[in-house]
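Each residue of the sequence shown is one higher than the one before, counting from 6 in our numbering.
Note that these hints are calculated values from the structure, not bench results.
Warning: the hint list may mix true and false statements.
List time: in silico BS3-like cross-link candidates among lysine-lysine, alpha-carbon distance up to 30 angstroms [as the list claims (entries may be wrong)]:
id: 1; residue 1: 102; residue 2: 137
id: 2; residue 1: 137; residue 2: 113
id: 3; residue 1: 34; residue 2: 113
id: 4; residue 1: 113; residue 2: 102
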Amino acid sequence: MANKATKNGKKDNLPTNVDVDIENGGTIKYADEVIATIAGVAANEIDGIAGMTTGGGFADIINRNRTVTRGVKVDVNGEEAGIELYIVVEYGSPIQKVASDVQENVRKAIETMTGLHVVNVDVHVQGVSFEKEKQALESGLESARLTSDDRQDQEEILPEEEKEPVSEEDGADEEPSERTEDAIDPEPEA
Numbered sequence: 006m007a008n009k010a011t012k013n014g015k016k017d018n019l020p021t022n023v024d025v026d027i028e029n030g031g032t033i034k035y036a037d038e039v040i041a042t043i044a045g046v047a048a049n050e051i052d053g054i055a056g057m058t059t060g061g062g063f064a065d066i067i068n069r070n071r072t073v074t075r076g077v078k079v080d081v082n083g084e085e086a087g088i089e090l091y092i093v094v095e096y097g098s099p100i101q102k103v104a105s106d107v108q109e110n111v112r113k114a115i116e117t118m119t120g121l122h123v124v125n126v127d128v129h130v131q132g133v134s135f136e137k138e139k140q141a142l143e144s145g146l147e148s149a150r151l152t153s154d155d156r157q158d159q160e161e162i163l164p165e166e167e168k169e170p171v172s173e174e175d176g177a178d179e180e181p182s183e184r185t186e187d188a189i190d191p192e193p194e195a
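Whenever a hint applies, use it, and build me the whole structure from the sequences.
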């Protein structure tokens with residue numbers, strides 16, 4: 006027989022489990038961490054999400070690549086789940102659309118994967134990230150700097166006589182320079 010979680014959500018210092026009774030008399034158990042992981046991954050799939058935060062404020066931002074359960078709170082009661090997400094949105098993204106897309110994707114993922122009915126997905130927008138714009142600006146500045154440096158390097162490499170175009174008549178009667186002779190017939194001096 007399956008043990009149910011206590012009212013405070015803890016049982017023997019283990020994560021709370023969600024028991025779902027199925028018709029054949031057995032149960033399926035979901036740890037809260039499983040529901041939180043599904044919600045976190047689904048939220049981070051949405052364009053415009055810069056990251057998640059634990060709800061402690063903007064200074065506590067967690068990037069997408071970190072633990073996906075940060076910034077996710079799960080409340081499961083029987084076969085119903087309530088989810089709270091604490092997100093940071095990328096600057097320039099339509100916040101209302103991003104939040105709505107997060108709600109829809111999280112609800113769909115949890116219901117599809119677990120069979121639980123998601124009664125609410127509350128999205129708390131904790132901040133706006135300028136990181137993407139900062140990186141784009143830095144990338145643009147770096148490209149401009151490299152282009153400028155490349156031109157300067159090219160000018161430094163070419164000797165003065167090679168910078169000006171030479172016509173066919175110029176230098177037709179002159180002997181090749183030493184550098185050219187060495188390149189054609191390298192002969193060590195005795």
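Each hint, compared with the structure:
no. : hint      : in the structure
1   : 102 x 137 : 18 angstroms, holds
2   : 137 x 113 : 28 angstroms, holds
3   : 34 x 113  : 19 angstroms, holds
4   : 113 x 102 : 16 angstroms, holds
Going down the numbered hints, you'll see the structure goes against none, and every one checks out.
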